[in-house]
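> Letter by letter, the chains look like this.
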Amino acid sequence: MPPDSQQTDRNLTLKDAVLEAMFEEMESDQNVILIGEDVGTAGGVFKQTKGLFKTFGADRVIDTPISESAIFGLAVGAAMAGSRPIIEVMFGDFLTLVMDQLVNQAAKVHYMSAGGFNVPLVLRTGIGVGGNLGPQHSQSLHGWLAHIPGLKVVMPSSASDAKGLFKAAVRDNNPVIFMEDRMTYNLKEQVPEDEHVIPLGSAEVKREGADVSIYAVTRSVHTALAAAEHLQVKNVSAEVVDLRTLAPLDVETIVASVQKTGRALVLDGGYQSFGITSEIAATIGELAFDYLDAPVMRLAAPDVPVPFSPALETMTVPNAEQVVAKVTEMYGGLG
Amino acid sequence: MPPDSQQTDRNLTLKDAVLEAMFEEMESDQNVILIGEDVGTAGGVFKQTKGLFKTFGADRVIDTPISESAIFGLAVGAAMAGSRPIIEVMFGDFLTLVMDQLVNQAAKVHYMSAGGFNVPLVLRTGIGVGGNLGPQHSQSLHGWLAHIPGLKVVMPSSASDAKGLFKAAVRDNNPVIFMEDRMTYNLKEQVPEDEHVIPLGSAEVKREGADVSIYAVTRSVHTALAAAEHLQVKNVSAEVVDLRTLAPLDVETIVASVQKTGRALVLDGGYQSFGITSEIAATIGELAFDYLDAPVMRLAAPDVPVPFSPALETMTVPNAEQVVAKVTEMYGGLG
Amino acid sequence: MLTKDKLLELYRGMVTIRAFEEEVRKMHNAGLAPGLVHLYSGQEAVAVGTCTALNSDDYIASHHRGHGHCIAKGSELDRLFAEIIGRRSGYGMGRGGSMHIYDPATFNLGTNGIVGGSVPLATGAALLAKLRGTGQVAVSFFGDGVLNQGILFESLNMAALWSLPVVFICENNGYGEFTEIDDVTAGRPYAKRGEAFDIPSEKTDGMDVLAVHETVSKAVTRARNGDGPSFLIFDTYRYSGHHVGDKQEYKDDEERELWLSRDPIPKLSEMLVAEKKIKQAALDELDAEIKATVIVAANQAKKMPEPDADDLTRHIYAA
Amino acid sequence: MLTKDKLLELYRGMVTIRAFEEEVRKMHNAGLAPGLVHLYSGQEAVAVGTCTALNSDDYIASHHRGHGHCIAKGSELDRLFAEIIGRRSGYGMGRGGSMHIYDPATFNLGTNGIVGGSVPLATGAALLAKLRGTGQVAVSFFGDGVLNQGILFESLNMAALWSLPVVFICENNGYGEFTEIDDVTAGRPYAKRGEAFDIPSEKTDGMDVLAVHETVSKAVTRARNGDGPSFLIFDTYRYSGHHVGDKQEYKDDEERELWLSRDPIPKLSEMLVAEKKIKQAALDELDAEIKATVIVAANQAKKMPEPDADDLTRHIYAA
Ligand SMILES: Cc1ncc(C[n+]2csc(CCOP(=O)(O)OP(=O)(O)O)c2C)c(N)n1
Ligand SMILES: Cc1ncc(C[n+]2csc(CCOP(=O)(O)OP(=O)(O)O)c2C)c(N)n1
Ligand SMILES: [Mg+2]
Ligand SMILES: [Mg+2]
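From first to last, the protein sequence lines stand for chains U, V, E and S. Using this note's numbering, read the first sequence as starting at 3 and increasing by one per residue. Using this note's numbering, read the second sequence as starting at 3 and increasing by one per residue. Using this note's numbering, read the third sequence as starting at 63 and increasing by one per residue. Using this note's numbering, read the fourth sequence as starting at 63 and increasing by one per residue.
Bound conformation, chain U alone (with noise of 0.2 angstroms):
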């Protein structure tokens, strides 16, 4: 076991449980490596990765040098060769530096050899707002992922989800992208043990609802759950959806919800142009047209780049009152 879950009580943070997830997936499979820069004997840049190193050694756990589109390129030619590498990008900013690699080879290379070779590997990166990084350290760019075919994007929002779609994710065999909001890392929820597998391609109802349906993923379900709360409040029953994995995308789940509801906003922390609320917006807007009793609204960050500052920072989340405000204008005013 991993040294921070050695506890009976299973009431696990998000980083610790995707760590369990890691420990028991290395320690089942002798072919999961876990390659990045800290990863090792410093246990990751946020502690993610603590104890694996002692537990497993340095061949299993590789610290690299600063070369993500090689350290990448090595884990797509060493999960040809037949292991299932974890490769860790430290900031999901510098995936920038590996898209060649994901997508000229890992996204394609099963469709190129006609299923000759297979590419299981996870790409690990962190993602989000909030620590005043600025604007290189906070983006995130899963948009860009969901739009490569191949590629897995896995999004969770919870310890327990993460658990499960992290094993999911290393047992799954094709390059599943895996990303973390670091606003999530503290979030605690009761982790169930062992063989808790959740299968990519679900999204879950978070909350179920009757008038209007919000999607999100990651740390925005936390703020559609939150402002269902407000709603509530004002008798509108809101249904939160949580997409979990952006590819392959559950859109039954998604169109079903809005065929209850007849209303949906979708949002997100990623830049609101062209970026993922606006597939899940026209999905919606394609298959439950005649569902809907008001526009398909959308809500994410600004289209700027995520300012240092403090006091601007926080302008670029979207938050629970403006997502209860969207709503309102759905219906013309709640007043």
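Check the hints yourself; a few may be wrong.
[Stated by the list, open to error] Mimicking DMTMM-like on lysine to aspartate or glutamate, the simulated pairs with C-alpha atoms at most 20 angstroms apart in a straight line are: (1) E/K313 <-> V/D65; (2) S/K265 <-> E/E257; (3) E/K265 <-> S/D260; (4) V/K262 <-> V/E288; (5) U/K49 <-> S/E239; (6) U/K56 <-> S/D245; (7) U/K328 <-> V/D292; (8) V/K49 <-> E/E311; (9) S/K66 <-> S/E332.
Derived from the structure by calculation, the hints contain no laboratory data.
Assemble chains V, E and S with the ligands onto chain U, guided by the hints.
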């Protein structure tokens, strides 16, 4: 005058129209330099920079090693220092190699420096499907770029537009991505001489219509126009809106068209999921909901790596028949 | 000295590649193999000298000019042709084409359309071989253009740092597309790029298959013994220019003739005959046999069906 | 030998940086400067020795540990503080913060949050200087971590190829975050990374401001004369670890003490006093004056307003 346009007949291909724009801008502004692989003595792998080296010399037309990341980074540095580089990235697929310098540096410098530095450069790249070039030489990743605040994204559909937009791009004080679909390279039309500059951010209605609006960029505009002819036969009057630039996006023109027609189809040559059709469809759904007589439909490339196989490759290019079928669907069939 | 069998294996390998590429050229000119087709003719000694120094379960990773590597590592000719002309029986069901040929059976991590893109793939396979102690070696083939791609240096560093069993092989044919490599590449000799990482590095004649074989064999032994990577540069030449259709106006006749005079195939055959390993007549027979085999394979491929509509969406995800 | 004025300029520069960083540390601990703050303390000799060898219109491009470079190149202290604590009068209106400080007035192409990200920016500015014949030189500062980033090698190649007036300066403080550089970096000495491109390369004591100044001056002269780039490695040390808050459990006391004993500030002051350039009392006075200036600037910054809501969307596009 560049070698290919000495004719008094101004019927130019799109490729030559851009070449002419480049020539004119380099002639009128010493600060404009051209940097890229094989752009110099070879005149470009598609002859798209032919004659420039001879006219402007090695100090202004610079052949580089195969080092996409640093070439682009050098261009950013040179732009910050006061030049106006045009950088060619041979295939749009190789944008994956310049994403860090593009997204984390070029796009944000003006913001992060509070206007202290500009990054006036044009990144020119060829995109599109049709040459049987296979999965790593056929991608159209314009959606990625339009997602990033600070970048401008231009996608001309005709020779005349190409010239006018390219000149605007060179004169713009921001990083502008100028994407040319290789399949439009030989499209010919009359191209105005000299001071023909089309402001970035203005869509154009290429065909007026009353019943349905079709939105597209570059090559897809021609597919839309062809489909419009077919639809005319079925008594459906289609309006074709050429977005021309994705960022800035001319939302006004987009919305005005659908307010008139009540129906919208968004067409594109890039992967469909989380692509540009999503944004346009979502925007229309949000801003013109009350005008819609049918769901906003999307038609883009299927979510598959673009195959080499000639038999399959064409299946990834949306065609006029499919457009007609989609529009017909909006009418619940047209008998 | 190599055995007669081994020498004939080298000869056969090179002649097969040459004949194969001639068929590909014809296919391209006939419109059967559209797109970008980069022929390996002229560089045969590198692929063959290298792959004959490898075990069948050693990895290779190749590049856009990669038919020769696939053949030398043992892929089936008809399936190679099939891929290059987009037929369903090709290694990628015709969906990859010339620049994207993968063959797990021969431990071939693929030809590659991204200049430099395959270098870390080979390095990663070597990493795994080392971690597992399998004794496998990986060869990374790349063109001189890659001498300036950052990912090469990052890969060299990790290979050296971890003493990985990988052999980096630069095929210096003097050009990247239409640009002379010497015009865009600083630092002489280029082997210093490997030495900067304390990797044993050397330049060898890439038109001499025996020299290639010997140099690579030493590097492979070093790798297999746990002594880490090597960085080898082979000077060679692409007879057909960058791709089929390249008029090569940037090359002068003198240069072309010089390199033709160093052609690795006659060089080996003349040696074989001079040293009485085999008679010219027997070689001629062998040539004819090889050519016939290649043509049979080409014809087989041409008869293969194209992929069907369902293949468009097959293999997006592995099960 | 440098003039007394120049020597005092060096001294003043280093003491200013040290005092500045102490204020930043306090600001961070007081919650005023949140986020990732990387202090330059310990490395002062590199920034100061370098920038005093430059003209005011020479370019620099810096990295995440970049306050020292900004100060040494002449930025205003209050505006630097303001940026670091997110105030509107900062160089980026408080929107960039510590890792994103740009100052066109001092030809500073910015600190940078991407490891290796600024190397091509300096190289590009040098390219333009060369094309225009302005005589300007560009300095690229980067950490030892960049020794393994591909973009460095690509930039070195182009700089050498085109004889660009750029000086590459690696500040080797022994660590990248919490990892020892020697554990992740192959090839000894590291200067071979520059030599591979035929760039004059050398390693110098980065704790000796006079040595830095002399080495850089030579490189700058070379660059200005059209003789191309240099690749310089300065061994140095980051006293405060990776960022404020780093407990540095990975460093032992012995190491820390060794480097403290080599502190560039007392080294220079002792020399100044020993060689009777100035009295210790005068230096103490200077120290006090500098500290006061720094504190005044810090206090000014703290009084500045934060950006307002409109600033969120300002400067997305240049007009
Ligand atoms: C990253 C990348 N940049 C550019 C290209 C376009 N391109 C294809 S082959 C080639 C030249 C490669 O030269 P070299 O490595 O010497 O191989 P050769 O063709 O000479 O065998 C270029 C620039 C590419 N495919 N990938
Ligand atoms: C491309 C990239 N990868 C990783 C990081 C995270 N990171 C920030 S500083 C740092 C260490 C840099 O080490 P070095 O270059 O030696 O500079 P130092 O901090 O020692 O001054 C790392 C890995 C980053 N900012 N950018
Ligand atoms: Mg070559
Ligand atoms: Mg360091």
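> If a hint holds in the structure, say so; if it does not, say that too.
Going down the list of hints, with the structure as the test:
1. Pair hint E/K313 plus V/D65 holds up; C-alpha atoms about 17 angstroms apart against a cutoff of 20 angstroms.
2. Between S/K265 and E/E257 the CA atoms are separated by roughly 18 angstroms; this keeps the pair inside 20 angstroms, and the hint holds.
3. Simply put, E/K265 and S/D260 have alpha-carbon atoms about 18 angstroms apart, close enough for the 20 angstroms limit, and the pair holds.
4. Distance restraint check for V/K262 and V/E288: the Cα-Cα separation of roughly 16 angstroms lies within the 20 angstroms cut-off, and the hinted pair is therefore satisfied.
5. Restraint check: the Cα-Cα separation between U/K49 and S/E239 comes to about 13 angstroms, which is no more than 20 angstroms; the hinted pair holds.
6. The suggested pairing of U/K56 with S/D245 holds, with an alpha-carbon distance near 17 angstroms, which does not exceed 20 angstroms.
7. The hinted pair formed by U/K328 and V/D292 meets the criterion: a straight-line CA distance of about 17 angstroms does not exceed 20 angstroms.
8. This hinted pair checks out: V/K49 and E/E311 have alpha carbons roughly 14 angstroms apart, not beyond 20 angstroms.
9. Pair hint S/K66 plus S/E332 holds up; C-alpha atoms about 14 angstroms apart against a cutoff of 20 angstroms.
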